[in-house]
Amino acid sequence: MALAEHLVEDAIAVGVTASDWRDAVRRSGALLAATGVATDEYTDEMIATVEKLGPYIVLAPGIALAHARPSPAVLRPGLSWIQLAEPVEFGHDKNDPVWLVVALAALDHDGHIALMSSLAAVLGNTPLLAALRDADSPARVLDLLATEGSPS
Amino acid sequence: MKIVAVCGMGIGTSVLLKMNIEKVLRELGKDGDVDVEAADIGTARGAARTADLVLTSAELVSEIGDVSTPVVVVDNFTDVSEIAEKLTPFVS
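Chains as they are written, first to last, in this note's numbering: chain A, 15 to 166; chain B, 13 to 104.
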């Protein structure tokens, strides 16, 4: 299953201006709320996770996977996708600055494995990521994820 | 052999890391010999004690604390070649 099947256009924003990492996470959380994946409390929980445990969510160069633990603030498993106009620093030693914030919400530890498998395929595909970085609309992001985002 | 992939919450980063560890093990032909588990930071200490190897990010090493199990730091959780390089000495 391609990652595009787990995303809708309303959960994607490109060319987003964020003042700092909190702002970037806040915007990714706003898209989860706008698409009925989670409530605004989940955004606060994602920010609190980084405040408590550090910027470990920056799991690859330029890419942050914002998330918090399953909680009542999560309505259903889902994702949002924010491509930043200007990369922001999360304070990670190796992988800063971040140009892509993917926000993830899950109800439990294994109900979203298909989604994670698709995400792993996309994040491991360097040429695809380069194209996604240049994508100029949510529709273009979805197109790229639909055509090339299937798990290998 | 048991490997534990640790992240803060056990739903995102560690699941991704677990998937890429399993991919590396398949490529090395070792997937039949090794169990891979994803753990959050709360259960990581217990999981680490019963595991043979822990993989996590630099930020979380101190949270795992003192365990005799070897802890390997992965910088790029999506880079299968980095994971392969760091895993190979332990599984071959």
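Bear in mind the hints are in silico, worked out from the structure with no lab data behind them.
Computed from a predicted model, the values in this text were never measured in an experiment.
Misleading hints may appear alongside valid ones.
With a Cα cut of at most 16 Å, we get these calculated EDC-like pairs of lysine to aspartate or glutamate [stated by the list, open to error]:
#1 A:108 <-> B:94
#2 A:108 <-> B:34
#3 B:14 <-> B:34
#4 A:66 <-> B:71
#5 A:108 <-> B:71
#6 B:42 <-> B:52
#7 A:66 <-> B:75
**OP:** Check each numbered hint from earlier against the structure, then list the numbers of those it violates in ascending order.
**Re:** 2 and 6
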